[in-house]
Amino acid sequence: MIGQAIADGLLTGGILALGAIGYSLSSQILKFANFAHAEFLTVGAYLALALVTLMGAAEPIGALSFGLPLIVATILAGIGTGLVAIAVDRLVFSRLRSRRAAALTLVFASFGVALMLRNLVLLLWGPDAHYYGQELQIAIEVLPDVRLLPDHVFVLALTLILVVSLHLFLQSSRVGVAMRAMADSPALSQACGIDTASVIRWTWLLAGMLAACAGVFTGLTVQIRPELGFNMLLAVLTAAVLGGSGSLFGAVVGGLIVGLAESLSVLVIPASYKPAVPFLLLLLVLYVRPQGLFAKSTRA
Numbered sequence: 055m056i057g058q059a060i061a062d063g064l065l066t067g068g069i070l071a072l073g074a075i076g077y078s079l080s081s082q083i084l085k086f087a088n089f090a091h092a093e094f095l096t097v098g099a100y101l102a103l104a105l106v107t108l109m110g111a112a113e114p115i116g117a118l119s120f121g122l123p124l125i126v127a128t129i130l131a132g133i134g135t136g137l138v139a140i141a142v143d144r145l146v147f148s149r150l151r152s153r154r155a156a157a158l159t160l161v162f163a164s165f166g167v168a169l170m171l172r173n174l175v176l177l178l179w180g181p182d183a184h185y186y187g188q189e190l191q192i193a194i195e196v197l198p199d200v201r202l203l204p205d206h207v208f209v210l211a212l213t214l215i216l217v218v219s220l221h222l223f224l225q226s227s228r229v230g231v232a233m234r235a236m237a238d239s240p241a242l243s244q245a246c247g248i249d250t251a252s253v254i255r256w257t258w259l260l261a262g263m264l265a266a267c268a269g270v271f272t273g274l275t276v277q278i279r280p281e282l283g284f285n286m287l288l289a290v291l292t293a294a295v296l297g298g299s300g301s302l303f304g305a306v307v308g309g310l311i312v313g314l315a316e317s318l319s320v321l322v323i324p325a326s327y328k329p330a331v332p333f334l335l336l337l338l339v340l341y342v343r344p345q346g347l348f349a350k351s352t353r354a
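Everything in the sequence shown is counted per the working numbering, starting at 55 for the first residue and increasing by one.
Treat each hint with caution, since some may be false.
[Said to hold, decoys possible] Label pairs and their computed distance ranges (CB to CB):
id, residue 1, residue 2, range
1, E113, Q244, 23 to 33 angstroms
2, L130, A155, 28 to 38 angstroms
3, L338, R228, 32 to 42 angstroms
4, S219, I56, 38 to 48 angstroms
5, C246, G116, 42 to 52 angstroms
6, N285, D199, 46 to 56 angstroms
7, A111, S239, 43 to 53 angstroms
No lab work stands behind these hints, which were simulated from the structure alone. Note that the coordinates shown come from a computational prediction; the quantities given were computed from them, not determined experimentally. Glycine residues also receive a C-beta, built at the ideal position from the N, C-alpha and C atoms.
Input sequences plus hints: build the corresponding full structure.
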């Protein structure tokens, strides 16, 4: 039973890590806590749903519950969500930055953006739950007494690939180096000739794409609902704070810790109290080590 709980926690933690990485990148570079970030998970999940519906049914890939259309839809939804994030910045946050608005003003604005996105999704798709497919799956035994659905194994593997790819992007590409430099010192980066406006656009694009992947993966493991992102907000925020703002490795570790804590908690407390676990972890982190476990810039 403990082994199964750990496996479930790793799955949840991996998805949370993707959301936490995007949030951590944006908060470190843009210098404010963007509470609208969780809604990008919802936007990405529903964009993928719309694209899958548009492309029609297809034969599942092997033992998976979905076919090639969902993979294509996830890629397109990631790009689309990134563009939505850039548009939100252009319409809201960039205007506030140009007026030298305080960070707290940007935080309040992010709450308004979150409400707008959530209600827009509710208006377009309604309050009912949706699924990417109706194929029944049989759990496979990956370890003794540990069983996972093929979809869950796929999500874990793809999450690992995305995290490694992002690490290489931040370490090796010119854009990644510019993002890390701007996270350390925006003023110095601008003085060195770095196009800060371009870095900000890349930040929103990457944060949106990672959030979309997390939203689609969540929809694969449970179901798609308008409150999907809102329900994950506290867990994503806790993972980012626990890992340390701007740390890719920290966001991954923070996501895994939160996922494992949620999953293992049901062994000792009623499942109805599970949503309170991230809140308790957040309070503990803020009290013991508010800077996080691996606080640093966006260097992985």
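Each hint tested on the structure:
no. : hint                            : in the structure
1   : E113 / Q244: 23 to 33 angstroms : 52 angstroms, violated
2   : L130 / A155: 28 to 38 angstroms : 33 angstroms, holds
3   : L338 / R228: 32 to 42 angstroms : 39 angstroms, holds
4   : S219 / I56: 38 to 48 angstroms  : 32 angstroms, violated
5   : C246 / G116: 42 to 52 angstroms : 49 angstroms, holds
6   : N285 / D199: 46 to 56 angstroms : 29 angstroms, violated
7   : A111 / S239: 43 to 53 angstroms : 51 angstroms, holds
Against the hints set out earlier in the document, violations occur for numbers 1, 4, 6.
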